[in-house]
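With the hints as your guide, set chain B onto chain A.
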Amino acid sequence: MTGYYSLAPVWISDVVGSALMLIISFGAIYYAHRLRNAEPSSIIWMYLLVLSAALAGFSISRAVAHLAKHAMLMAGYPHMWEFFRPYTGAFNSIAFIVVASVTFFFPKVQKINSEILNDKRALEQATRDIKALNRDLEALVERRTRQLSVSERKYRGIFEGSMDTIFVLNQKFIFEDINPTGLSLLGYDSLEDFIGKISLADIFVSNSDHTQFLEDISRSGAIKDMECRIRNSSGAELVVLLSVTVTTKDLSRRTNYVGIAKDITVRRRMEKQLHQADRLASLGQTAAGVAHELNTPLGIILGYTQLLLRNCQESDALHSDLKIIEKQTNNCKRIVQDLLKFARNSETKKSDVDLIECFKEAISLFGHQFEKEGVIVETRFENNLPKVFADGEKLKQVLVNLLVNAKQAISGNGLIIVTMKLNPDRRAVIVSISDNGCGMSTDTVEKIFDPFFTTKPVGVGTGLGLSVSYGIIQAHGGALEVESEEGVGSTFHITLPLTDQNHQNIYPDNLQ
Amino acid sequence: MIRIITFLALYSYLTPEPVYALQSHGEPEGLFAHQIAHILFSVSMIFLAYWLKSNNFTRERGWRLIQISCILFFIWNLVAFCGHYVEVKLPSKLIEGTGSGWDQALLLSGSPYSLYYYFLKMDHLICVPALACLFLGLRNLYKKTLMKVAADK
Numbered sequence: 214m215t216g217y218y219s220l221a222p223v224w225i226s227d228v229v230g231s232a233l234m235l236i237i238s239f240g241a242i243y244y245a246h247r248l249r250n251a252e253p254s255s256i257i258w259m260y261l262l263v264l265s266a267a268l269a270g271f272s273i274s275r276a277v278a279h280l281a282k283h284a285m286l287m288a289g290y291p292h293m294w295e296f297f298r299p300y301t302g303a304f305n306s307i308a309f310i311v312v313a314s315v316t317f318f319f320p321k322v323q324k325i326n327s328e329i330l331n332d333k334r335a336l337e338q339a340t341r342d343i344k345a346l347n348r349d350l351e352a353l354v355e356r357r358t359r360q361l362s363v364s365e366r367k368y369r370g371i372f373e374g375s376m377d378t379i380f381v382l383n384q385k386f387i388f389e390d391i392n393p394t395g396l397s398l399l400g401y402d403s404l405e406d407f408i409g410k411i412s413l414a415d416i417f418v419s420n421s422d423h424t425q426f427l428e429d430i431s432r433s434g435a436i437k438d439m440e441c442r443i444r445n446s447s448g449a450e451l452v453v454l455l456s457v458t459v460t461t462k463d464l465s466r467r468t469n470y471v472g473i474a475k476d477i478t479v480r481r482r483m484e485k486q487l488h489q490a491d492r493l494a495s496l497g498q499t500a501a502g503v504a505h506e507l508n509t510p511l512g513i514i515l516g517y518t519q520l521l522l523r524n525c526q527e528s529d530a531l532h533s534d535l536k537i538i539e540k541q542t543n544n545c546k547r548i549v550q551d552l553l554k555f556a557r558n559s560e561t562k563k564s565d566v567d568l569i570e571c572f573k574e575a576i577s578l579f580g581h582q583f584e585k586e587g588v589i590v591e592t593r594f595e596n597n598l599p600k601v602f603a604d605g606e607k608l609k610q611v612l613v614n615l616l617v618n619a620k621q622a623i624s625g626n627g628l629i630i631v632t633m634k635l636n637p638d639r640r641a642v643i644v645s646i647s648d649n650g651c652g653m654s655t656d657t658v659e660k661i662f663d664p665f666f667t668t669k670p671v672g673v674g675t676g677l678g679l680s681v682s683y684g685i686i687q688a689h690g691g692a693l694e695v696e697s698e699e700g701v702g703s704t705f706h707i708t709l710p711l712t713d714q715n716h717q718n719i720y721p722d723n724l725q
Numbered sequence: 052m053i054r055i056i057t058f059l060a061l062y063s064y065l066t067p068e069p070v071y072a073l074q075s076h077g078e079p080e081g082l083f084a085h086q087i088a089h090i091l092f093s094v095s096m097i098f099l100a101y102w103l104k105s106n107n108f109t110r111e112r113g114w115r116l117i118q119i120s121c122i123l124f125f126i127w128n129l130v131a132f133c134g135h136y137v138e139v140k141l142p143s144k145l146i147e148g149t150g151s152g153w154d155q156a157l158l159l160s161g162s163p164y165s166l167y168y169y170f171l172k173m174d175h176l177i178c179v180p181a182l183a184c185l186f187l188g189l190r191n192l193y194k195k196t197l198m199k200v201a202a203d204k
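Residue numbers (the numbering used here), protein chains in the order written: chain A, 214 to 725; chain B, 52 to 204.
If you're looking for bench data, these hints aren't it; they were derived computationally from the structure. For every residue, glycine included, the Cβ atom is placed at its ideal position computed from N, Cα and C. Take these hints with a grain of salt, some might be off.
[Stated by the list, open to error] Derived pair list, reagent style BS3-like, types lysine-lysine, alpha-carbon separation capped at 27 angstroms: (1) LYS333/A / LYS199/B; (2) LYS199/B / LYS321/A; (3) LYS195/B / LYS333/A; (4) LYS344/A / LYS204/B.
[As the list claims (entries may be wrong)] Just the calculated beta-carbon pair ranges, DEER-fashion: (5) ILE325/A / ILE56/B: 33 to 43 angstroms; (6) ALA202/B / SER219/A: 23 to 33 angstroms; (7) TYR136/B / MET287/A: 19 to 29 angstroms; (8) ILE56/B / ASN250/A: 46 to 56 angstroms; (9) ILE90/B / TYR218/A: 28 to 38 angstroms; (10) TYR218/A / VAL94/B: 33 to 43 angstroms; (11) LYS140/B / LEU280/A: 25 to 35 angstroms; (12) VAL94/B / LYS344/A: 46 to 56 angstroms; (13) LEU280/A / ALA202/B: 43 to 53 angstroms; (14) MET287/A / GLY161/B: 22 to 32 angstroms.
Bound-form chain A, shown alone (with noise of 0.2 angstroms):
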């Protein structure tokens, strides 16, 4: 190895290589520009035709350098290729350091593309499933609009058709909705007059009910079957079962009340009823009792004193005795009789009456007298009114008591207004005296038909007037009602029921 070498093993790998080199790097930028056109979002094609289009400008720069420089040299043109020399070196650094800057930079560049694909790729899929869930939530809207609406006219309902008074209150007990139950028990026509108008104080009859249902309110948070008496807007008062709860559980954040209100007037006003008259049956025997075990002894009394009269002379000074005896014994025997009466154990002679000529011979018997102290007897009769079957002079004795007590509840000038009409289902007639005299206390009304109860002064009535009535209109299968209010006045309702006959007479086209 001391001699020389030649170089042409140099020469040919410089000129065959330098070929190789341009062929294959426009090779390799072809396929790396297939690439990105195949997926031009793709960074790692981008970097890739960057290097190789970065290392074709190389191998161009050095393949045509070494090629150029040859051809030079061997035409004896030296000095051109010392000219071109350090531009094509020049340029391969500037290749060298383009490829390891992109090559430097592009794991960076490609992180950071691949997050935002992935963030892009979130995007969309976020998207689409806000996308879905935006159809999901259309649909699910609008079935629960529909599952709210069934249930809003199902609760609608139970509350516009409920029978009882379903309410709504707010933090200060004023009403915020009411049904129409409760609108009409409360004789209010409109919403409009009464919510955010009328609050529950303003309904309760009596304080202590009133502030009972604070305390057990504000106690419990909730009130049952509370029973109180309320008064409707024309006055009236009712007695109602009370049922109210708060509508949160949280009681320090109530803020609404729902209660039930359920009417029970006519149920109370029907026991008071069967009540006073089982009083009064049981009443009306114990006076059948004794009626009967002394009306035969008032007989020997009376028959002794009339034998013993018819022989003693009027002169006599027996006499006078026995008459006193006879008058206080015949006393005696008609207050036994009205006993009788009271008690339904007295003779009915029934017939077809005909009432207004019953009141008509009833109040002839006073007329003047009513007229001359003042008081006016107006009548409301009904037309058509059809005949009772009744005994006629008990119904007369009925009316004379009645007209009698309107008479003396009045001092001084006053109205009495007497109305026949047949009741609303047209089975029975009903007879209604009314006076504005002095009315009369609750207590008063529960004791008027107790026999010899009396609110006159003594000697003036024996307290059998109203209890004969009573006893009278029962053994007639009537009823015989009051309604009175002190200071104002009373009112006796007498109803008589119609026989099929009595009706029959009145609807001659229902006869089959």
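Chain B in isolation, oriented as in the chain A frame:
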């Protein structure tokens, strides 16, 4: 800080000295720049080969070929770097003959660098396979991408 800057500005303004804005560059700077570019290129290729491996790209044949290409380019850069160095060290009188090299001859005993120069000058033997690997890798990736795009459609 503002006071210091103001002081320095005033000092430099009040004590003027000659400045050399343009620096002259002598002969070896071009070679040094070229050699540094080779170093950068080689380091970037090793970096790329490592990155492809660590990111599991090399499970595909195309990327494996590109990784091989990177390694070959790294080797080629070392060869080229040494070749430039040896070329500078080798006295020109050791090469006999004129022209492009076809009829030239090298005196191998003339310098300890002569033998290295002879082999290092044949760097195309590494450079061409490196480029070929890149080409083959790209072609492989392109074919696979085409199939993937077709499958996606």
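Hint check results:
1. Between LYS333/A and LYS199/B the CA atoms are separated by roughly 21 angstroms; this keeps the pair inside 27 angstroms, and the hint holds.
2. For the proposed pair LYS199/B and LYS321/A, the alpha carbon gap of about 26 angstroms is at most 27 angstroms, so the pair holds.
3. In summary, the hint linking LYS195/B to LYS333/A is supported, as the alpha carbons are separated by about 24 angstroms, within the 27 angstroms threshold.
4. With a CA separation close to 24 angstroms, the supplied pair LYS344/A and LYS204/B stays within the 27 angstroms bound.
5. With their beta carbons about 37 angstroms apart, ILE325/A and ILE56/B fall inside the hinted range of 33 to 43 angstroms.
6. Restraint check, ALA202/B to SER219/A: a C-beta distance of roughly 56 angstroms breaks the suggested window 23 to 33 angstroms.
7. Range check, TYR136/B to MET287/A: Cβ separation about 27 angstroms, and the 19 to 29 angstroms hint holds.
8. In this structure the hint that ILE56/B and ASN250/A lie 46 to 56 angstroms apart at CB holds, the actual value being about 55 angstroms.
9. Separated by about 30 angstroms at the C-beta atoms, ILE90/B and TYR218/A satisfy the suggested range of 28 to 38 angstroms.
10. One distance hint, 33 to 43 angstroms for the beta-carbon pair TYR218/A and VAL94/B, holds here, with the actual separation near 34 angstroms.
11. Between LYS140/B and LEU280/A the beta carbons are some 26 angstroms apart, a value that agrees with the proposed interval 25 to 35 angstroms.
12. The beta-carbon spacing between VAL94/B and LYS344/A, approximately 49 angstroms, falls within the hinted interval of 46 to 56 angstroms.
13. At roughly 44 angstroms, the beta carbons of LEU280/A and ALA202/B sit within the given window of 43 to 53 angstroms.
14. Remark: the range hint 22 to 32 angstroms for MET287/A to GLY161/B is upheld by a beta-carbon distance near 24 angstroms.
Hint compliance for this structure: hint 6 alone is broken.
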